[in-house]
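**Q** Sequence:
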Amino acid sequence: MSEYKCITCRTSFSSQEERENHFRSDWHCYNVKRKVASLQPLPLALFEERQKMLPAAKPAATTTQKIYCDICKKAFSTKNQFLQHERSKRHLKGLKEAQEAFQKSEEGVEDVKEDVSIKEDAKENGSMKEVGGMTEAEVVTEGGVATETETATDTLPFQPEAYTFDPNRCIFCGTISDSLDANIAHMTQKHGFLIPDRQCLKDVEGLLDYLGQKISVGCICIGCNHGFKSPHAVRAHMFDKGHTRMAYDTEEDFEEFESFYDYEEENAKEEEIPTLRATGELELSDGRILGNREYTRYYKQSYATESERREALKTKLLLGNGPASQQATAIMLYQEQKQTVVEKRADVERLHRYAIRERLRAGMNMNKIHLAHFCHR
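Position 279, counted from 1, in the sequence shown is what UniProt numbering calls 279; the numbers after and before it change by one each time, with no gaps.
Calculated directly from the structure, the hints in this document are not laboratory data. All of these numbers come straight from a predicted model, not from anything done at the bench. For every residue, glycine included, the Cβ atom is placed at its ideal position computed from N, Cα and C. It is possible that part of the hints are untrue.
[Said to hold, decoys possible] Derived lysine-lysine pairs resembling DSS-like cross-links, with alpha carbons at most 27 Å apart:
hint	residue 1	residue 2
1	K93	K73
2	K35	K79
3	K73	K104
4	K52	K73
5	K190	K74
6	K214	K96
7	K79	K104
8	K79	K89
9	K79	K229
10	K74	K316
11	K74	K104
12	K229	K74
13	K229	K73
14	K229	K241
15	K104	K93
16	K73	K214
17	K338	K316
18	K93	K214
19	K73	K89
20	K52	K74
21	K89	K316
22	K214	K241
23	K202	K190
24	K89	K74
25	K190	K241
26	K79	K214
[As the list claims (entries may be wrong)] Simulated DEER-style distance windows between Cβ atoms:
hint	residue 1	residue 2	range
27	V204	G242	49 to 55 Å
28	C224	P274	43 to 49 Å
29	R87	F23	53 to 59 Å
30	V342	N365	49 to 55 Å
Using the sequences and the hints given, assemble the complete structure.
**A** Set out below in structure tokens:
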């Protein structure tokens, strides 16, 4: 009987080397997984038969062709992402700079447009430019790195939905509220939606309309600017990732929503110059007054109230010179000493009563403890 066995696969070997090779085989790994799942091991013949029935394995990573923007030096996995990038202010700014450069070099504007649109034509002809080293598992997009799932969804047709703006309708779940403020409160409480710099927002309805079109028509996430094939897909992504908040961190995000905000009034409030009085004091916009440092000694003065002045005058008269004032002082001291003696006597009596109560309580407890000793049997 062989000494070299595999308990998992229930087989034996003639040497240690054969058993080590068996441990590295697909058959052994498959039976180990079955053992973890509390299943019986599979014989070698049946395992090989199942292996033949499986289709040929596809390559682990296949290169894919991407749309490339020569102006911004970025690659995009789908046409929708490239079109969205073309409408961005950063791309338009780069395009304008490129056009000016071509005009100065007398090469014309048409060459720049051809460089940008040639990538889109290449995709339609099935010959997009391939970015070296990029696979379906990792695609560089405008918002970051797309996953394999997002790359796989690019094969689906683009399906925007019919969109009609309603200021009382939630742009995420479609719930109808009574008013615009109630709708914003619903989106904040239910979905965590927040409007940055609300005090500077001049067109609330326009902002919500733009965000609604971005989700329903453009199928673009408002949190990471990733493009999807349908509004349902982008909403599912936003709920799963928590991207129900506006992206407002970078300069590009600020430029995207700049038309809905008005920061001039806020800046004017911050730059408001305080009023200078004739006395050298500064009156701020909120009503506060700042005094001159030269008059600090006057600001620190504290005026006594009417009652305080009367008490001070009475004390001064009682403590003045003469026999009458001395007698009044002696009477006041005697009354204070008498009051102190009375208070001390009351404290002593209180302590004495407390000691009597404690002694009585201790005696009663001792009687309860020794009560059984004096009971008649």
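**Q** Given the proposed pairing of K79 with K89, does the C-alpha separation stay at or below 27 Å?
**A** holds (18 Å)
**Q** Does the alpha-carbon distance linking K73 and K214 stay inside the 27 Å limit?
**A** Roughly 24 Å between the alpha carbons, so the hint for K73 and K214 holds.
**Q** Hinted pair, alpha-carbon criterion (27 Å max): K89, K74. Please report holds or violated.
**A** Holds, at about 15 Å.
**Q** Per the hint of 49 to 55 Å, is the separation of the Cβ atoms of V204 and G242 within bounds?
**A** violated (23 Å)
**Q** For the pair supplied as a hint, K52 and K73, confirm whether the alpha-carbon distance does not exceed 27 Å.
**A** Cα-Cα ~46 Å, so violated.
**Q** Would the pair K229 and K241 pass a check requiring their Cα atoms to be no farther apart than 27 Å?
**A** Judged against 27 Å, a Cα distance of about 17 Å means the pair holds.
**Q** Does the Cβ distance between R87 and F23 fall inside 53 to 59 Å?
**A** Once the Cβ atoms are compared, 58 Å apart, the range 53 to 59 Å for F23 and R87 holds.
**Q** CA of K104 to CA of K93, is that 27 Å or under?
**A** With a Cα-Cα distance of about 17 Å, the restraint between K104 and K93 holds, given a limit of 27 Å.
**Q** Check the hint pairing K93 with K73 against an upper bound of 27 Å on the C-alpha distance.
**A** holds (14 Å)
**Q** Is it true that the CA of K190 sits at most 27 Å from the CA of K241?
**A** Measuring from Cα to Cα gives roughly 15 Å; hence the hint holds.
**Q** Within a Cα-Cα threshold of 27 Å, do K338 and K316 meet the stated pairing?
**A** holds (23 Å)
**Q** Between K190 and K74, is the straight-line Cα distance small enough, at 27 Å or below?
**A** violated (36 Å)
When held up to the earlier numbered hints, the structure conflicts with 2, 4, 5, 7, 10, 20, 21, 27 and 30 and fits the remainder.
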